[in-house]
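Participant: Sequence:
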Amino acid sequence: MRKEPPRGEELGVAAPHCYCGRLAQLQTAWAESNPLRRGKNGCGFFVWVDFEMPSCERALMAWLLRTREKLKIKLGVREQERRSCGLLFRQCGMFGI
0 MRKEPPRGEE LGVAAPHCYC GRLAQLQTAW AESNPLRRGK NGCGFFVWVD FEMPSCERAL
60 MAWLLRTREK LKIKLGVREQ ERRSCGLLFR QCGMFGI
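Each step along the sequence shown adds one to the number in numbering that gives the first Met the number 0, with nothing skipped, and position 11 is 10.
Don't take every hint at face value.
Per label pair, the in silico range of CB-to-CB distance [said to hold, decoys possible]:
hint, residue 1, residue 2, range
1, 30, 85, 52 to 60 angstroms
2, 24, 84, 38 to 46 angstroms
3, 26, 80, 31 to 39 angstroms
Calculated from the structure, these hints are not laboratory results.
Here the structure is a predicted model, which means the values were calculated and not measured.
Where is the CB? At the ideal position from N, CA and C, for every residue including glycine.
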């Protein structure tokens with residue numbers, strides 16, 4: 000039985016090491032300029048481990064990420080409104096209104 004996780008080469012992905020010799024950490028970019036790109040970094044070291052998306056796909060992903068953020072904000076506002084309404088109804092009940 001295996002006691003350690005599979006190496007990057009076994010998984011079919013690049014497994015570069017940092018300048019300190021440790022295995023670099025895989026991270027996913029969420030920046031609008033590089034949405035969902037995957038790279039390895041650590042100790043000041045960085046390398047992309049995937050291919051850059053075509054510009055039309057990159058633009059679509061950036062739009063989706065912006066839309067997701069707008070929806071999160073809208074949901075937060077709705078949640079605050081819901082809580083405020085609940086508080087208002089409780090206060091009305093206390094005063095018999």
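Participant: Indicate, hint by hint, whether the structure satisfies it.
Facilitator: So, going through the hints one by one against the coordinates:
1. Checked against the given bound of 52 to 60 angstroms, the beta carbons of residue 30 and residue 85, roughly 38 angstroms apart, lie outside it.
2. Our hint of 38 to 46 angstroms for residue 24 and residue 84 holds, since their Cβ atoms are close to 45 angstroms apart.
3. Roughly 36 angstroms separates the CB atoms of residue 26 and residue 80, a value that falls within the hinted 31 to 39 angstroms.
Hint 1 alone, counting from the list given before, is not met by this structure.
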